[in-house]
Amino acid sequence: MKKYVLKRLLMAVVTLLVVLLLLFTLMEIMPGSPFNNPELTPEQRAKIEARYGLDQPFFNRYINYIVNMVQGDFGVSYNIQQNMPIADLLVKRFPVTIRIGLQAIVIGVLMGLVMGILAGFNHNKLMDSIMSALAIIGVSMPAFAFALLLAYFVGFKWQMLPFLYSAKSPFLSSILPSLTLAMSPMASVARYTRSEIIDVMNQNYITLAKTKGVSKPALTIRHVLRNVLTGVITVIAPSVVNVLTGSLVVEKAFSVPGIGGLLITAIQENDYNVTFTLAFIYCALYILVMLTVDILYGLIDPRIRVTKGE
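In my numbering, the protein residues as written are 16 to 325.
Keep in mind that the hints were calculated from the coordinates and are not lab data.
Just so you know, even glycine gets a beta-carbon here, dropped at the ideal spot from N, CA and C.
Warning: the hint list may mix true and false statements.
Claimed, not checked - List time: in silico DSS-like cross-link candidates among lysine-lysine, alpha-carbon distance up to 27 Å:
no.	residue 1	residue 2
1	140	22
2	183	172
3	172	267
4	267	183
5	107	267
6	183	107
7	140	267
As the list claims (entries may be wrong) - Each pair of labels, with its calculated beta carbon distance range:
no.	residue 1	residue 2	range
8	52	100	34 to 44 Å
9	66	256	34 to 44 Å
10	171	82	41 to 51 Å
11	26	253	10 to 20 Å
Could you build the full structure based on these sequences and the hints that come with them?
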């Protein structure tokens, strides 16, 4: 198991370095500059670029960024809050995004499992149709549309929950954004769980367990769900990524002070350094999620660990 984990960690580190190089290359070939003030003379612009180290060769900046990043230094903002360390911009926003994202994943996975189980064990019945219809709506409806519906009806018209994020009541004001982001993982988990349960229930060993008189709860937990959970992890991984990328629109819709809103602001303000750092953080989170899934695979199913180890 140690060899398996070390191999996955090494692959994750190499992937991060490659992603960082690609982002650096994209920033290098992009037209324009973060210092596009027409009042600046070429000499003044050259002095500013020298101050921030932008006049150095490409690979020098790449190596310097890696060294500084390991020490927690992501550089400074050029335009949003001039010369403010990016780490200071993230220190309050990052926990908000992570908390809302985790809430959305927990809500979505739990609701999806319940819906999938109800649909799977009631195949071709009314409950199956209802759960399947809800899952299809969750997959089809864009996050911004669901955000607007929740904000208008639950937040504005019925006034059940705040529809704008407030630091005074962080939990209550994070419920609507979390529910919006939970729709995608809920639908994905529900559909996959339903199809897997239907498939597993038609297997010969389930028929044998029924003939032996195994109770329905024991049959569900020991034989059905145990075989379904390994596959559910496969669905959860891309769902986490969808939650992270979907947070860009949702945070803006509910005025959540997270990194999604900061990324949109950085793009609008042409703040290359903040944009680059946040893009790298999103990539790093994606790689971390996939690494966690790989390790969980190895823990749950030794066959996967042995096969990948070979």
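Quick rundown of the hints versus the structure:
| no. | hint | in the structure |
| --- | --- | --- |
| 1 | 140 x 22 | violated (47 Å) |
| 2 | 183 x 172 | holds (22 Å) |
| 3 | 172 x 267 | holds (20 Å) |
| 4 | 267 x 183 | holds (19 Å) |
| 5 | 107 x 267 | holds (16 Å) |
| 6 | 183 x 107 | holds (14 Å) |
| 7 | 140 x 267 | violated (40 Å) |
| 8 | 52 x 100: 34 to 44 Å | violated (22 Å) |
| 9 | 66 x 256: 34 to 44 Å | holds (37 Å) |
| 10 | 171 x 82: 41 to 51 Å | holds (49 Å) |
| 11 | 26 x 253: 10 to 20 Å | holds (18 Å) |
This entry does not satisfy hints 1, 7 and 8, going by the numbered hints stated previously.
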